[in-house]
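Asker: Sequence:
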Amino acid sequence: MKLLVALTYYRPHISGLTIYVERLARALAARGHTVTVLTSRFAAHLPLREELDGVQVVRVPVAARISKGVLMPTIGFIANRLVWAHDAVSLHLPQLDASGIALRARLLGKPVMLTYHSDLVLPPTPVNLLAGMVVNASNNAAASMADVICAYTADFADASPLLARFRSKVCCILPPVEMPDVTRAAAEAWAAARGLALQYPVIGLAVRLAAEKGVEYLLQALPQILQIHPNATVLHAGPVEEVIGEQAYRQRLLPLLDRFRARYIFLGALNPHEMALFFKICDVHVLPSVNSTETFGLVQIEAALCGTPTVASDLPGVRVPARDFGIGLNAPPRDSAALGTAVLKVLANPEHYRRPRAELARHFAPDTVAARYEQVLESLLRN
Numbered sequence: 001m002k003l004l005v006a007l008t009y010y011r012p013h014i015s016g017l018t019i020y021v022e023r024l025a026r027a028l029a030a031r032g033h034t035v036t037v038l039t040s041r042f043a044a045h046l047p048l049r050e051e052l053d054g055v056q057v058v059r060v061p062v063a064a065r066i067s068k069g070v071l072m073p074t075i076g077f078i079a080n081r082l083v084w085a086h087d088a089v090s091l092h093l094p095q096l097d098a099s100g101i102a103l104r105a106r107l108l109g110k111p112v113m114l115t116y117h118s119d120l121v122l123p124p125t126p127v128n129l130l131a132g133m134v135v136n137a138s139n140n141a142a143a144s145m146a147d148v149i150c151a152y153t154a155d156f157a158d159a160s161p162l163l164a165r166f167r168s169k170v171c172c173i174l175p176p177v178e179m180p181d182v183t184r185a186a187a188e189a190w191a192a193a194r195g196l197a198l199q200y201p202v203i204g205l206a207v208r209l210a211a212e213k214g215v216e217y218l219l220q221a222l223p224q225i226l227q228i229h230p231n232a233t234v235l236h237a238g239p240v241e242e243v244i245g246e247q248a249y250r251q252r253l254l255p256l257l258d259r260f261r262a263r264y265i266f267l268g269a270l271n272p273h274e275m276a277l278f279f280k281i282c283d284v285h286v287l288p289s290v291n292s293t294e295t296f297g298l299v300q301i302e303a304a305l306c307g308t309p310t311v312a313s314d315l316p317g318v319r320v321p322a323r324d325f326g327i328g329l330n331a332p333p334r335d336s337a338a339l340g341t342a343v344l345k346v347l348a349n350p351e352h353y354r355r356p357r358a359e360l361a362r363h364f365a366p367d368t369v370a371a372r373y374e375q376v377l378e379s380l381l382r383n
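In terms of my numbering, the sequence shown opens at residue 1 and continues consecutively.
No lab work stands behind these hints, which were simulated from the structure alone.
Keep in mind the model is a prediction, meaning the values are calculated, not measured.
The beta-carbon is built from N, C-alpha and C at its ideal position, and this holds for glycine as well.
Just to be clear, a hint being listed does not mean it is correct.
Beta-carbon label-pair distances, calculated as ranges [to be verified]:
(1) H45 x T74: 14 to 20 Å
(2) P356 x R323: 16 to 22 Å
(3) A44 x G268: 18 to 24 Å
(4) G109 x P73: 24 to 30 Å
(5) F77 x P356: 49 to 55 Å
(6) A44 x F266: 21 to 27 Å
(7) P61 x A197: 42 to 48 Å
Construct the complete structure from the given sequences, taking the supplied hints into account.
Answerer: If you want it as structure tokens, here you go:
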């Protein structure tokens with residue numbers, strides 16, 4: 001099968017969506033399919049075409065940025081050629097250009113599988129309001145033209161306004177998650193090599209510094225945690241300065257970050273092996289997201305594969321890993337006191353929230369997820 005995969009940002013951009021698609025694309029290519037990713041050339045140094053792990057990547061030049069999105073005037077011309085040359089299309093939303101690509105596929109008789117990763121929630125400004133309306137209109141149009149829509153969980157599908165409108169063609173496939181298997185000794189050696197003078201317990205945070213991630217609620221919970229664990233350290237893995245559209249949020253956080261600078265360490269973006277070492281060194285991992293831009297939280301499973309439990313926000317989809325797999329606890333979003341209480345409860349008995357690595361891998365291995373996609377797409381091609 002020749003599969004065209006389209007999304008706004010692909011690697012080296014870092015987000016749950018891009019990591020999901022990278023894992024899926026690689027796994028499908030490893031299963032013998034021809035996979036092409038159509039995406040934006042969001043940074044000028046990136047090549048227009050390259051092959052990554054058996055996946056062909058085609059990047060479209062960016063003419064302008066609007067909020068967290070991009071404008072690509074030539075994407076229509078490139079999409080015409082690529083849709084024609086492939087058997088099926090896999091669209092990953094939210095995406096401004098999704099409706100145009102879906103329309104081309106429909107006109108050319110190519111089946112479309114749409115994966116809805118999250119709702120679009122932007123900071124409340126006039127530009128963002130307009131951008132959100134346009135992207136949401138495109139998302140709805142693409143969903144109406146798609147043959148099947150994939151959601152991570154029924155929990156989120158039932159709560160999403162967009163998915164509720166198209167519930168009859170929604171299927172649920174758990175996301176692809178993989179983590180290198182590392183030892184505690186290797187993690188401690190890595191921390192020492194980086195000069196990290198860690199004090200324990202270590203509270204991990206693996207997010208972009210973005211408003212929807214709710215970093216301030218962990219910071220506000222720290223006094224409560226430090227009363228019981230005065231040496232607790234927050235270790236934050238993820239992009240900080242380079243996060244698109246989040247400069248104002250970063251400025252708002254500075255007073256809180258300055259207050260806890262002795263207990264808060266930024267690591268920046270890490271590669272997959274370093275992420276495994278990071279999770280291994282943590283005693284608990286926290287995902288304090290605040291809205292429906294977070295619909296699962298792949299990092300919860302990544303942490304669990306390394307033996308680290310998570311406290312995550314009680315949001316549709318995000319609560320599923322703790323609820324269904326028992327790998328942590330949920331706390332109400334935007335509630336720093338409840339978050340602190342949950343962190344303390346996990347730290348008091350972390351073993352209770354650990355699950356065998358092989359058990360989790362059976363559900364989330366990229367090849368398992370790719371096989372489900374393959375099954376759906378081949379069914380569409382037969383019909």
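Asker: Does each hint fit the structure? Answer for all of them.
Answerer: Structure-based check of each hint:
Under the hint 14 to 20 Å, the C-beta atoms of H45 and T74, about 19 Å apart, fit the expected range. For the pair P356 and R323, the supplied restraint of 16 to 22 Å holds, since their beta-carbon distance comes to about 18 Å. Separation of A44 from G268 is about 21 Å and conforms to the stated range, judged on CB atoms against 18 to 24 Å. The hinted range of 24 to 30 Å is satisfied by G109 and P73, whose Cβ atoms lie roughly 26 Å apart.
Look at F77 against P356: about 50 Å separates their beta carbons, and that is inside 49 to 55 Å. At roughly 26 Å, the beta carbons of A44 and F266 sit within the given window of 21 to 27 Å. For P61 and A197, the Cβ-Cβ distance of about 45 Å falls inside the hinted range of 42 to 48 Å, so the restraint holds.
The earlier numbered hints are all upheld by this structure, with none contradicted.
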